[in-house]
Structures are given as structure tokens and as C-alpha cells.
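Asks: Chain residues, written in single-letter form:
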Amino acid sequence: MEYIAISTGFALMLLGLWGILSQKNLIKIVLGFTIFDTGINIVMVSIGYVKGKAAPILDVINASEAANKIVDPVPQALVLTAIVIGLGVTALMLVYVLKLHREKNSLDINSFKDLKW
Amino acid sequence: MIKKWIILGILAGMGLIFFDLFSAFRGNETLGKTADYYARHGAEEVGASNIVTAIVVTYRGFDTLGEVTILFLTAAIISFVLKIRQEDILPNRPIRITSELLDSASQVIVPVIFMVGIYIFVNGHLTPGGGFPGGAVIASGVLLMILSNPNFSVSHKVIAWVESISGVGFVLLGVMGILFAGGFLDNRVLGLGDFGKLFSAGIIPFIYSFIGLKVGAELSNILGAISHAQNEKN
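Sequences listed follow chains U and Y, in order. Under the numbering used here, the first sequence has 41 at position 41, and the numbering climbs by one with no breaks. Under the numbering used here, the second sequence has 56 at position 56, and the numbering climbs by one with no breaks.
Just so you know, not all the hints are guaranteed correct.
Below, a list of computed lysine to aspartate or glutamate pairs in the DMTMM-like style, where the Cα atoms sit at most 25 Å apart [said to hold, decoys possible]:
#1 Lys53/U x Glu232/Y
#2 Lys99/U x Asp37/U
#3 Lys3/Y x Asp108/U
#4 Lys104/U x Asp63/Y
#5 Lys51/U x Asp36/Y
#6 Lys53/U x Glu65/U
#7 Lys4/Y x Asp37/U
#8 Lys233/Y x Glu65/U
#9 Lys233/Y x Asp108/U
#10 Lys53/U x Glu100/Y
#11 Lys83/Y x Glu2/U
#12 Lys53/U x Asp88/Y
#13 Lys104/U x Asp194/Y
#14 Lys99/U x Glu100/Y
#15 Lys104/U x Glu232/Y
#16 Lys51/U x Glu87/Y
#17 Lys33/Y x Asp114/U
#18 Lys53/U x Glu87/Y
#19 Lys69/U x Glu232/Y
#20 Lys28/U x Asp114/U
#21 Lys197/Y x Asp114/U
#22 Lys104/U x Asp114/U
#23 Lys99/U x Asp194/Y
#24 Lys233/Y x Asp114/U
#25 Lys69/U x Asp36/Y
#26 Lys28/U x Asp108/U
#27 Lys69/U x Asp20/Y
#28 Lys69/U x Asp59/U
#29 Lys116/U x Glu103/U
#30 Lys69/U x Glu87/Y
#31 Lys69/U x Glu100/Y
#32 Lys83/Y x Glu103/U
#33 Lys99/U x Asp88/Y
#34 Lys51/U x Asp20/Y
#35 Lys4/Y x Glu103/U
#36 Lys233/Y x Glu87/Y
#37 Lys33/Y x Glu103/U
#38 Lys3/Y x Glu2/U
Rather than coming from a laboratory, the hints here were simulated on the basis of the structure.
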């Protein structure tokens, strides 16, 4: 199970990187970043997986039993943070795309050569 | 042509790194040391059923405060970038009339979406969920309102008040932790209550409600700014 999740995560990361590097449309590049992000999050969550254990939500307070019942909650808490930051970064990139489109009326990255030497 | 080969080379290199990481990965049989502590003592010390919430809001609450700040900064930068000068505003932007279906359906669905969002962040310490997903759900309701009525503008006054009150409330509750409990953002200001009940886990439900309102207000502000940016003259 964890192998499926972690390999999917790595595959998504590669897919996102390919999108960032090869696409010409700015929106598609932003989507590439989002896919990369999702891949990293999946990898992080799957690293915290413990075989045969359930989500870290408890029914009763039982210190000795709880440790044998749940998966690692720390990566999940980190991913929660990462998702929110990813959302902020995506929103910011999309707004920059919007502004760039206003400037040149084009979404093609090849039409923005002002800073290219 | 050479570009394609460079891209292929980078992808192959990254693939190699990932494969190396993947082949070294072995599934865990037991929890790590930190996780073991949280699992054993989290429910007892914090009183939240959801251990992830216990970590996010209490053990690493300061981190979450920073996270909320980052979201606030993002919203502020977006508003700054999308600012339109008064003389550039198009008085009557031509808009397409919304379909009857979307218009009627949104009036029914939007209150339900808001209710679901509030439910998610109020129950953050009991169920998978919390302030961030709850706030995002509320913002999706605002998005539906904007889509169904293109002239709808998100009120800056409401957003500013909700955001300020929830931000200040979050910090004040944290400071109360210093005064009445073990330290900044300690949740034992109120009693821990019955495990698994809505009013339990000290101040976690209140902090998560503030976070939910703040995230919802910030995301709505971003959506409103993007929607308003369409009024600019070309």
C-alpha cells in the first residue's frame, strides 16, 4: 500500500517537473507546479504510514493502546501546512499570470523576452 | 531540439534521485519517537481526539500562527498587485447574463456550503478537518456567489473586520495560555472537558474557529480582488 502511494507521489513529481520545463502556456506551467506540490505531499504522507494502522483519530484515552493503533501524525500535520502554503503560492502565481496577460495579451511564455539576454 | 534533450536529462536525473529514494524506502513497522510521544500523551495532555489537530494547534501552534500570517501576506500582496487606479476602472463592464440554473441553484447551495464549512472548522478537534479546510470550503461558497453574480463584490469592510477580529482573537487566546496555563497557545486555559465532546480540548475549538474565519476571509478577499481586477480598462 505505502509503495503504491509513494511511487504515485514520485511519478506526480516527475510529471509536474516535466510540465514546468516543457509547457509554453503560463497557466499550464502553474498547473505543473501544483502537480509537483501534490506529489511531494503524497510522498510525505506515505512516509508516515505504518503498516496496518488507522488514521490518527482516537476514540478513547488509552496511552499504551493508542501508540499501536495509529499512523504517524507528524507528517500529516506538516502536509497540512504545506497544502496551505502551496495554495498561497498558486494563487500568487495565477495573479502574476493575470497581470502578464494584461501586459502582452498573450499566455505564451515565448512572448515575454524583456529580461532575456 | 537541444532544449528537449536538456529537459529529458533533468527529468532522468530527478528520476534517478527519486528511484534511489524509493528503493531505500521501507514501510514503517512502528512509530518514530516523536510520533510515539504524541500518540501516547496527545489525547491525555491536549484532550483532542484528532492527534493531527493536537499537533497543529497546540504542540506546534506557533507554526500555525506563522502559516496564517503567510496566507495574510499572500492576500495582501495579491490585493497590491491587482490594485486598479481610479481612472482605469471601467464603469460598465459588459457581462454575460448568468444562466437561470446557476443563479437559482447557488441561492440554495451557498448557505449549505457555508454551514458545511462552519461544521468542519468547529469540529476540527474531533473529525478530520479543521480551520484550513473549513475556511477553504467557505471561500468556495463565496466563489460560487461571484460566479453566479458577476457584479457581486466582496465587501472589504466585512472582510477586514472578520480578519482582524479572528487574528487578534487567535493571538489573545495564545496570550491567555501564558497567563492561565503552561505557555503561549497552551490549550488548558479552559478545562479539557469530556473527551470526544464538541466543547472539549480546552480552547482548540475556539482557535480553530478563528483560523477558519480568517482563512475564509483571506481566500474570499483573494477571490474578490481577482474578480474586481476584471473591471480594468485594457
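Asks: For every hint, state whether the structure bears it out.
Replies: Hint check results:
1. Lys53/U x Glu232/Y: Judged against 25 Å, a Cα distance of about 54 Å means the pair is violated.
2. Lys99/U x Asp37/U: OK: lysine 99/U and aspartate 37/U at ~23 Å, within 25 Å.
3. Lys3/Y x Asp108/U: holds, 17 Å
4. Lys104/U x Asp63/Y: violated, 40 Å
5. Lys51/U x Asp36/Y: holds, 15 Å
6. Lys53/U x Glu65/U: Roughly 12 Å separates the two Cα atoms, so the pair holds.
7. Lys4/Y x Asp37/U: Holds, at about 23 Å.
8. Lys233/Y x Glu65/U: violated, 64 Å
9. Lys233/Y x Asp108/U: Holds, at roughly 22 Å.
10. Lys53/U x Glu100/Y: violated, 48 Å
11. Lys83/Y x Glu2/U: violated, 46 Å
12. Lys53/U x Asp88/Y: violated, 58 Å
13. Lys104/U x Asp194/Y: Between lysine 104/U and aspartate 194/Y the Cα gap is close to 60 Å, so the pair fails against 25 Å, i.e. violated.
14. Lys99/U x Glu100/Y: violated, 32 Å
15. Lys104/U x Glu232/Y: Answer holds: lysine 104/U to glutamate 232/Y is near 15 Å, not above 25 Å.
16. Lys51/U x Glu87/Y: violated, 62 Å
17. Lys33/Y x Asp114/U: With Cα atoms ~52 Å apart, lysine 33/Y and aspartate 114/U exceed 25 Å; violated.
18. Lys53/U x Glu87/Y: Status violated; Cα separation ~61 Å.
19. Lys69/U x Glu232/Y: Between lysine 69/U and glutamate 232/Y the Cα gap is close to 56 Å, so the pair fails against 25 Å, i.e. violated.
20. Lys28/U x Asp114/U: holds, 21 Å
21. Lys197/Y x Asp114/U: Roughly 59 Å between the alpha carbons, so the hint for lysine 197/Y and aspartate 114/U is violated.
22. Lys104/U x Asp114/U: Cα-Cα ~11 Å, so holds.
23. Lys99/U x Asp194/Y: violated, 52 Å
24. Lys233/Y x Asp114/U: holds, 23 Å
25. Lys69/U x Asp36/Y: holds, 11 Å
26. Lys28/U x Asp108/U: Roughly 10 Å between the alpha carbons, so the hint for lysine 28/U and aspartate 108/U holds.
27. Lys69/U x Asp20/Y: Violated, because 30 Å separates the two Cα atoms, which is more than 25 Å.
28. Lys69/U x Asp59/U: holds, 11 Å
29. Lys116/U x Glu103/U: Satisfied, since the Cα-Cα distance of roughly 17 Å is no more than 25 Å.
30. Lys69/U x Glu87/Y: violated, 63 Å
31. Lys69/U x Glu100/Y: violated, 51 Å
32. Lys83/Y x Glu103/U: Between lysine 83/Y and glutamate 103/U the Cα gap is close to 15 Å, so the pair holds against 25 Å.
33. Lys99/U x Asp88/Y: With Cα atoms ~14 Å apart, lysine 99/U and aspartate 88/Y stay inside 25 Å; holds.
34. Lys51/U x Asp20/Y: holds, 22 Å
35. Lys4/Y x Glu103/U: violated, 29 Å
36. Lys233/Y x Glu87/Y: holds, 9 Å
37. Lys33/Y x Glu103/U: Distance ~53 Å between lysine 33/Y and glutamate 103/U Cα, so the pair is violated.
38. Lys3/Y x Glu2/U: With Cα atoms ~35 Å apart, lysine 3/Y and glutamate 2/U exceed 25 Å; violated.
Checked against the numbered hints listed earlier, the structure breaks hints 1, 4, 8, 10, 11, 12, 13, 14, 16, 17, 18, 19, 21, 23, 27, 30, 31, 35, 37 and 38; every other hint is satisfied.
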